[in-house]
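Residue numbers (this note's numbering): 106 to 248.
Hints were generated in silico from the structure; no laboratory data involved.
Treat the hints with care, since some could be wrong.
[Stated by the list, open to error] Derived DMTMM-like pairs (lysine to aspartate or glutamate); straight-line CA-CA distance at most 20 Å:
hint, residue 1, residue 2
1, Lys132, Asp110
2, Lys211, Asp179
3, Lys132, Asp194
4, Lys211, Glu118
5, Lys243, Glu202
6, Lys132, Asp147
7, Lys243, Asp163
8, Lys211, Glu191
9, Lys243, Asp110
10, Lys132, Glu202
11, Lys132, Asp163
12, Lys211, Asp194
A quick note: this is a predicted structure, and the numbers were derived from the prediction, not measured.
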Amino acid sequence: MTRIDFYILSSAEQHTAWLYCCRLVQKAWQHGHQVFICCEDDASCQAVNDLLWTFRPDSFLPHSLASEAGKTTDTICIGTANQLGEHCDVLVNLCRETPPQFSRFKRLSEIVFQQPEWLNASRQRYSAYQQRGYPLHKHDVAA
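Working from the sequences, and respecting the hints, build out all of it.
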């Protein structure tokens, strides 16, 4: 069964959530995990792609955009919910909605920031996962 972790940020800025995503992905990659970052749209995918190159001057995270042909099997892949490809290890959700087929992943990381619309959607997802019996873990993060 998929383990679901909610990372609750104190910030209301989406950019802060994207930066925290980069830190989380770096940690997962260092532990040998394959990661798919699920974004709302192509513009969000590009923003996260750019941040993965620049969020730390001393880091290198090999990654690609799922929109690039044949790239959905890379160790770190960024895409939208309809581009999940063959990944099944770690899914990082940066969307308001629950990603389809999330249950095929070993872990789902939900990054929550304090913008009212996104916070509401996160609460609804938490409740839905809880009702379905998924193991839930909550982490308060000072990002």
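(request) Starting from the hint list further up, note which numbers the structure goes against and sort them upward. (result) Structure breaks hints 4, 6, 7 and 10.
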